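Since chain C is already given, all that's left is putting chain W on it; use the hints.
Residue numbers (this note's numbering), protein chains in the order written: chain C, 377 to 671; chain W, 6 to 297.
Read the hints as simulated data drawn from the structure, not as lab findings.
Only a predicted model underlies this, so the values are computations on that prediction, with no experimental measurement involved.
Treat the hints loosely; a few may be bogus.
[What the hints assert, rightly or not] Simulated pairs of lysine-lysine, DSSO-like, Cα-Cα distance not exceeding 30 Å:
hint, chain 1, residue 1, chain 2, residue 2
1, C, 429, W, 184
2, W, 184, C, 418
3, C, 664, C, 385
4, C, 429, C, 418
5, W, 111, W, 214
6, C, 664, C, 569
7, W, 105, C, 429
8, C, 418, W, 111
9, W, 105, C, 418
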Amino acid sequence: MLKRNGMEKGIESLLFISAAVAVLTLFLLCLFLFRDGILLFKDYPLISFLTEKSWYPTSINPRFGLQPLLLGSVIVTFGAIIFAVPLGIAAAIYISELANPRVAGILKPLTEILAGIPSVVFGFFGLVVLVPILQDALDLRTGQTALTGSIMLGIMALPTIISISEDAISSVPRAIKEGSLALGSTKWQTIHKVTVPAALSGISAAVMLGIGRAIGETMTVMMVTGNTAIIPGFPSGLFEPVRTMTATIAMEMGEVPQGSEHFHALFAVGSVLFITTFIINIVAGHIKNKYKFKL
Amino acid sequence: MSKIISICSIVLLLLVAIFTGIGCVDNNQNDTGEVPTTESSSITVKGSDTVLPLTQAEAEDFMIENSNMRVTVIGGGSGVGFAALIDGEVPIAMASREIKESEIQKAQQNGINPVEHTVGWDGIAVVVNPDNPVSQLTYEQLQGIYDGNISNWKDVGGEDRAIAVITRDSSSGTYEYFKEEILVDREYRPDALAQPATGGIVQEVSRNKGAIGYIGFAYLDDSTKAMALDGGEGFVEATEENILSGEYPLSRPLYYYTNGEPQGAVKEFVDFVMSPTGQAIVSEVGYFPAVQ
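Extracted from the complex, chain C is given alone in its bound form (with noise of 0.2 Å):
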């Protein structure tokens, strides 16, 4: 008896051991962080910082402004929504209910599959492919464009967005869609009114992880995107390059001197990226408790 009681109390506290070193990771990282990223602001103004429309880091006059890569991060992610989101729902409304066992056990992992190919190959499948058709076929002054990033983007968030839905549209109680079709609903009527609506919590979560997802992605978004930091026109700017924030991070901080202003900049962009993902997962999580299903 003591003994396994000793052997509890070991397992407990590796156990709390692995989440001290999760938290105090990430509380390390916002510090390294914002304290780089705040120095910035010693020698370059917050408000320029914000405001300024125009992003030349080796200028002799370093013009340091956020809005068109904070702009072209969000009209990038905003059109992987578009394009990924009805499609991942219906194609998980589609696995799990309509399927048949067998051809859904085989799309499921198949969707699995595409969220473990490696960034890079996407963004090399884009650069070599998406962009010349998308050239010719809209006549576009260049191919690299925010469309292109988005459509590349909508299909690396697709198994986010489908797995986790899919479980939250399964995970229905099967006696709330028996009800339904015992009153005489049909099939349809039943996922879009009863199963759908049932399953909300789960498939808003799912849409948020895959905006997180898609705001976060760096080296697909960098090969196709163009990254030209101007301010995207609304929806103009669809067509037009874009450079995002992660791409600025990745591409400058190759070569950039370290304690620069230059280098504090990146960081800055760093944490406004981190504040916005933080910000999405605080809204799914609330979405998914909101919207839970009660019983």
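For chain W alone, coordinates are given in the frame of chain C:
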């Protein structure tokens, strides 16, 4: 439960064993590498990605000739190399641009005195799609294209087609060099496409009829067309002969920077790079020798 604990301890033990193993290998190498009669030394070279392949090739041949020497080559960019030199981390920094005044000041504060060595030359080719009828540009035209004053090919004698201007990312030494040479005191047009690597420029230019970009000579092939440039003394074709003769305007030196005049192992390595053997390697890699 006890199973989990035993698995954990086995994994831990394995990790410990692996790390101790690594330690042992390192020690052994040092022991065997030390020949009592000749002094063994190792130097680290860090900096420009443009100079990186050249230095790697040099280091390999240098180490074959001097088996007691060890040269480690690290990329990262010209700025990274200068930063490492200034901090006293490395004895040699590779660079595809000259050291800036601010960097010299920082170095002097740290008691470092950067000395420049030109180890080779690189040419920058301005490239367009092979289907583009335009095949020559003056500096003014090029500047107009890159600062945004010219945005259609018909303005420089081509088809009626929008120009897609491509640059490298702002941390590239090539980006800075091109800006200083062509744009002088102006900015790149804000809607220029920035590519994280030269390969991206080649890819876009090779299939976009309206695109224009700049790349190192080593990357030239049939998929793109190099423009003849007029830097004020008539159009010069972008060929190896014209770069070597200095007629082609967009050619730039590649540098090593050392702390003071090189001594000991550093001197041996720099001397090797500047020797006829070393300069032959420069040509092999795709650049042009500094010493004719």
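Go through the numbered hints given earlier and state which of them the structure violates, listing their numbers in rising order. The structure conflicts with hints 3 and 5, although it agrees with all the remaining ones.
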